[in-house]
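Chains as they are written, first to last, in the working numbering: chain A, 1 to 453; chain C, 1 to 745.
These are calculated hints, taken from the structure and not from any lab test.
Watch out, some of these pointers could steer you wrong.
[Stated by the list, open to error] Derived Cβ-Cβ restraints for the label pairs, each shown as a range:
1) C:435 - A:399: 23 to 29 Å
2) A:233 - C:109: 53 to 59 Å
3) A:206 - C:565: 56 to 62 Å
Yeah, the Cβ is synthetic: ideal placement off N, Cα and C, and Gly gets one too.
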Amino acid sequence: MKIVCMVNGARRELDVQPLRRLLDVLREDLGLTGTKEGCGEGECGACAVHVDGRLVNACQMPAFQAHGRSITTIEGLGAPEAPDPVQTAFVESGAVQCGFCTPGLVMASRALLDLKPAPSAREIRAGLAGNLCRCTGYGRVVEAVSRAAGQPAARAEAPALDTGPPVPAPDDAVQVLIPNSVTEALTILDSEPCRIFAGGTDLMAAFHAGMPLPDKVLDVSRLEAITGITMTPRGVSIGAATCYAELLNTTEVTTHWPALAEAARLVGAPAVQNMGTVGGNLVNASPGADLVPALAALDGVVVLASARGERRVPVANFYRGYRDPDRRPDELVTAVELARPAAGLRQAFFKAGTRRAQSIARVNLAACAQVDGSRRLAHVRLVAGSVGPTIVTLQKAMDYLEGRSLDHVGLVEEARRLAAGEVEPIDDVRAGAEYRRAVLGNLVGRFFAMLQP
Amino acid sequence: MKVVGKPLQRRDAWDKVTGRTRFLADIPRDGAWCGGVLRSPVARGRLLRIERDAGFDWSQVVVITAADLPGPNTVAMIREDLPLLADGEVAFVGQAVALVAAPDRATLTAALTALHPVIEELPPVLSITDALGAGTVIWGEDNLIADYTIAPPDMAAFEAAFAGADRIIEGEYRTGYQEHIYLEPQGVVAVPRPDGGVEIAGSLQCPFYVLNALARGLGMERDKLVVRQTPTGGAFGGKEDYPSVLALQAAVLALAGGHPVAMLYDRHEDIIASTKRHPSRTRHRTAMAADGSLLAVDIDVVLDAGAFTTLSPVVLSRAILHAAGSYRLPLVRIRGRAVATNTPPNGAFRGFGVPQSIFAAERHLDRLARELGTGPLALRRRLVLKAGDVLPHGQVLPEGGAAGSLVLERAVELSDYQRRRAELDEANAEAAGRGDPLRRGIGVSLIHHGAGFTGDGEDRIATVVHVRGEADGAVTVLCSSVEMGQGAETVLPAIAAEALDLPLEAVRYHQPDTSAVPDSGPTVASRTTMVVGRVLVDACRDLVEQAREHGSDPRAVWSARAAAGEPLTGEGRYQPDPDIRWDQEHHHGDAYPGYAWMATVVETEVDMDTLEIRPGRVTAVAEIGKAINPVLCVGQIEGGLAQSLAWGYLEEIRLDGGRYLNDRLATYIIPTCLDAPEFTVELAEEPSPRGAYGAKGLGELPMNGGAPALAAAVEHALGAAPDAIPMTPDSLLAVLQKSDREGRP
Chain A
1 MKIVCMVNGA RRELDVQPLR RLLDVLREDL GLTGTKEGCG EGECGACAVH
51 VDGRLVNACQ MPAFQAHGRS ITTIEGLGAP EAPDPVQTAF VESGAVQCGF
101 CTPGLVMASR ALLDLKPAPS AREIRAGLAG NLCRCTGYGR VVEAVSRAAG
151 QPAARAEAPA LDTGPPVPAP DDAVQVLIPN SVTEALTILD SEPCRIFAGG
201 TDLMAAFHAG MPLPDKVLDV SRLEAITGIT MTPRGVSIGA ATCYAELLNT
251 TEVTTHWPAL AEAARLVGAP AVQNMGTVGG NLVNASPGAD LVPALAALDG
301 VVVLASARGE RRVPVANFYR GYRDPDRRPD ELVTAVELAR PAAGLRQAFF
351 KAGTRRAQSI ARVNLAACAQ VDGSRRLAHV RLVAGSVGPT IVTLQKAMDY
401 LEGRSLDHVG LVEEARRLAA GEVEPIDDVR AGAEYRRAVL GNLVGRFFAM
451 LQP
Chain C
1 MKVVGKPLQR RDAWDKVTGR TRFLADIPRD GAWCGGVLRS PVARGRLLRI
51 ERDAGFDWSQ VVVITAADLP GPNTVAMIRE DLPLLADGEV AFVGQAVALV
101 AAPDRATLTA ALTALHPVIE ELPPVLSITD ALGAGTVIWG EDNLIADYTI
151 APPDMAAFEA AFAGADRIIE GEYRTGYQEH IYLEPQGVVA VPRPDGGVEI
201 AGSLQCPFYV LNALARGLGM ERDKLVVRQT PTGGAFGGKE DYPSVLALQA
251 AVLALAGGHP VAMLYDRHED IIASTKRHPS RTRHRTAMAA DGSLLAVDID
301 VVLDAGAFTT LSPVVLSRAI LHAAGSYRLP LVRIRGRAVA TNTPPNGAFR
351 GFGVPQSIFA AERHLDRLAR ELGTGPLALR RRLVLKAGDV LPHGQVLPEG
401 GAAGSLVLER AVELSDYQRR RAELDEANAE AAGRGDPLRR GIGVSLIHHG
451 AGFTGDGEDR IATVVHVRGE ADGAVTVLCS SVEMGQGAET VLPAIAAEAL
501 DLPLEAVRYH QPDTSAVPDS GPTVASRTTM VVGRVLVDAC RDLVEQAREH
551 GSDPRAVWSA RAAAGEPLTG EGRYQPDPDI RWDQEHHHGD AYPGYAWMAT
601 VVETEVDMDT LEIRPGRVTA VAEIGKAINP VLCVGQIEGG LAQSLAWGYL
651 EEIRLDGGRY LNDRLATYII PTCLDAPEFT VELAEEPSPR GAYGAKGLGE
701 LPMNGGAPAL AAAVEHALGA APDAIPMTPD SLLAVLQKSD REGRP
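Hey, can you work out the whole structure from these sequences and the hints?
Here is the structure:
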């Protein structure tokens with residue numbers, strides 16, 4: 001495949017295999033070895049670069065998605081004779097030790113300061129949470145970013161290119177189909193099975209770990225019709241190709257659906273939030289997904305389109321079994337719809353993860369309920385993740401709680417007991433079943449503690 | 001002093017922040033083949049044969065099995081029990097069974113999948129308990145790779161103390177695996193030479209260890225071998241012993257095929273194949289009199305060595321030499337055993353056995369404090385080692401060499417430990433009252449660490465350092481001590497600049513290369529600044545003395561000599577101290593030339609709903625002799641504490657049938673920026689007469705202090721004592737259930 005992109009301000013035409021990692025294109029084809037590989041699965045951030053001004057992990061972006069983009073690597077950010085203020089601050093603060101994570105950390109710091117020129121210490125830590133450093137303990141790094149705060153980038157990043165589609169080549173190992181419209185995408189899906197590709201955060205890591213490459217890829221990441229957040233008379237329609245960061249940056253979402261925003265905040269770290277999509281999270285169907293329980297608890301509805309029309313499935317019913325979403329091969333998830341929450345609906349999303357960012361849930365819980373003037377519960381929703389082969393709607397606990405008074409004696413204890421009893425978690429590398437069951441009950445208790453005045 | 005003690009910028013910083021530093025994988029390697037390893041999928045068995053798919057074109061690759069090796073099939077370290085390739089039997093999951101080189105990665109992968117080891121499985125030994133049990137013997141006669149005892153000065157009195165004790169306080173403490181996660185994975189490139197030799201470039205700590213292993217394993221003269229270190233993206237001990245394995249693998253393939261061979265591990269293979277910190281089980285028994293005085297202490301340290309010796313005996317040795325902690329104890333007996341299991345061999349990791357044994361010592365001290373009803377701080381104040389005290393191995397702490405009390409009192413003051421402890425007690429009671437799930441705790445640890453090699457190790461290493469005068473008036477430091485992030489490339493030139501009264505810019509540092517630098521020993525054991533730096537000062541003095549023979553201005557002399565093609569090179573050699581006594585067999589005498597000290601106070605939150613731990617504020621005071629570069633010192637301490645804390649609660653490897661389950665960065669969890677606490681670090685200085693400008697080693701020191709202080713803080717928050725790390729939420733659930741306190745979670 002022939003792609004065209006801007007790299008550090010220079011136009012580059014490149015012959016690439018479509019699913020080759022941007023990381024390899026940069027390092028091997030362009031000799032830009034300042035971008036490092038520390039893990040190959042989007043966990044460490046050593047390969048972080050800017051793509052159209054946003055922080056991404058170059059190991060999670062396939063070459064075909066780089067087409068038309070403007071890419072900035074550490075080499076393009078600044079040089080010793082004309083450094084970016086972030087680079088100077090890292091040197092002056094003693095934020096550098098072995099130096100292997102440093103280019104990624106510098107790129108993440110620059111991206112953070114471009115968005116938030118004067119971040120708090122907490123915002124700095126969140127902004128760098130996708131970049132692992134093993135030498136410094138991060139103290140000097142946080143200090144360096146504080147020192148660079150308020151200073152704009154030394155060089156402006158080039159704009160993206162206005163160009164046609166990439167040109168396939170006969171030796172492409174994978175055929176990439178890039179539709180111009182949803183209709184075109186559905187026509188393609190109707191005629192041939194394709195691996196649908198959006199943010200790529202899960203797929204690229206899986207390919208790296210040895211998953212066989214598909215024959216055909218359908219790239220939906222540039223379909224504007226399924227990207228972005230649209231307010232509707234009933235509520236909101238979130239395009240399937242919308243990334244997590246956009247949920248976080250949309251005031252309507254954070255205001256009306258705080259449980260969803262909280263779930264998005266707890267997914268990965270900035271680079272992953274810039275790449276991963278709502279539709280990908282739904283269709284990837286991990287039982288530990290963070291967005292999915294929140295969408296289910298908010299009565300979200302998955303919109304699936306095919307050449308034969310549209311179909312709507314409640315998120316809560318979207319999974320038939322482990323990693324088995326209710327989607328036919330000819331269907332494309334185009335959106336998830338949420339109704340505007342009823343007045344006074346209380347929402348929460350809790351995650352007990354392996355750490356505070358870049359973390360997989362050991363247990364998560366999305367919860368909603370209304371409390372009326374007589375302290376009676378209505379519209380109770382409790383949906384948990386990582387406690388079974390799919391997300392689990394805690395129906396028994398919900399049925400018990402619905403209509404009962406918050407003051408009912410033993411209410412919370414019974415809800416906890418019911419919730420813990422209706423899941424069948426497993427022991428795995430992240431946690432034991434006993435822990436998961438116990439913590440699920442505690443998180444249910446935490447939600448009801450939140451409802452108390 | 002003009003340079004020493006100043007917070008000067010790192011010399012490699014600008015290249016690193018602009019992406020210009022070329023790590024091994026960044027260096028062009030045109031024409032190099034890719035090397036790979038076929039590994040055992042089982043923990044123990046008889047290797048019957050290796051089958052090859054007939055459909056694969058084997059002419060396009062190089063395949064090496066044990067039968068094809070040019071040398072004696074061994075990776076020489078302390079012993080020669082670790083074969084380069086399994087021969088007849090396999091002893092751990094991931095053990096190398098065959099080596100393959102191919103012109104490209106795709107062909108390599110295809111070849112590796114077309115090779116099938118046929119193994120008849122045998123029952124494995126998978127735990128310390130299994131290894132010590134009477135059952136299966138997999139190593140030697142008794143599974144004991146090493147077994148050492150530090151005896152009490154009077155054995156009869158020791159036994160009498162236990163027989164006559166009012167009570168005996170016992171505790172068992174366990175620590176888990178730790179993977180280094182240097183951000184740059186392991187890698188070497190081997191290039192065959194026309195004369196039949198081979199040159200290695202690699203990310204490594206100990207160029208001459210690799211050289212020795214190559215000479216032995218290839219059966220080759222050393223003059224045909226060169227080892228060059230490339231900029232090393234972190235190591236922490238993980239690139240001490242393992243690069244010898246990797247270099248031999250690559251060298252064998254390069255020599256067999258006649259092509260350069262690159263072996264660059266990806267993260268997954270790195271975690272599977274490279275060494276880890278030894279898991280441990282330590283038991284303490286303390287004989288106590290009715291009045292609460294301590295009568296005698298019996299300590300039993302067991303390390304899980306994995307299937308082969310690697311460095312385990314010396315890790316064990318250092319572990320037991322610190323196992324009594326930083327306290328004055330009577331009649332101490334310490335036994336240490338390193339046991340063989342059918343798991344991947346464990347090796348060097350920052351702290352080298354001490355974090356394990358000192359974790360147990362600190363937890364046991366907290367147990368004694370509970371028994372005595374005194375607080376943890378009061379007992380530490382009562383027992384802290386002082387000048388003139390004798391360590392269990394017979395070493396007397398000299399005046400100016402026992403800073404335990406100094407660092408403890410300063411850390412307590414800086415952290416406001418006592419007031420905070422009372423405040424948190426109150427806050428926890430209030431939180432419990434209103435149903436708030438957050439509890440907070442504060443804990444303190446006091447630790448020390450011996451710098452340099454144990455006992456007579458430095459005598460045997462016999463460090464040599466050169467300083468060469470250059471034509472432009474500069475000098476170049478030549479030694480085998482590598483830059484791996486800790487700052488050797490900045491600190492060693494600073495020492496030379498001070499010694500020669502030169503500006504720092506006039507001192508260069510030669511990237512270690514066994515064909516160009518003398519052997520200043522391995523870059524390990526917190527020895528570089530203290531021991532190598534001291535020898536470097538001697539080398540500088542020698543350069544000046546040589547130059548003075550030819551003129552009054554040494555710098556002018558060495559410049560002129562270099563310009564004339566006859567450069568002057570000053571040489572420093574390690575001088576054994578005639579006053580130091582060491583009995584290796586009995587682990588008795590002056591084990592280390594000096595000790596650095598550190599007190600750490602950790603505040604943490606524990607979420608009682610999820611049992612997640614969140615260390616918040618960490619205060620550390622470290623006495624390190626002399627800070628050659630205080631910014632780098634603080635960076636080492638903060639980074640080491642972060643590793644130590646994470647070892648205490650985040651980092652975990654579970655095994656299934658001898659296979660690591662946490663074998664990727666998605667499952668082996670190290671702290672992110674959001675997980676790391678806020679550090680307050682203060683340095684104290686009591687210059688050591690044995691180190692460069694008074695410096696003591698500090699690289700490993702912080703690794704000892706974080707986990708025990710965190711465990712003490714968690715104990716304070718929970719009201720239940722964790723005796724094992726990592727303190728995962730699962731394990732805390734068990735701790736709470738055991739303590740039989742609140743019925744939740």
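Each hint tested on the structure:
no. : hint                      : in the structure
1   : C:435 - A:399: 23 to 29 Å : holds (25 Å)
2   : A:233 - C:109: 53 to 59 Å : holds (55 Å)
3   : A:206 - C:565: 56 to 62 Å : holds (60 Å)
Violated hints for the displayed structure: none, as all numbered hints are satisfied.
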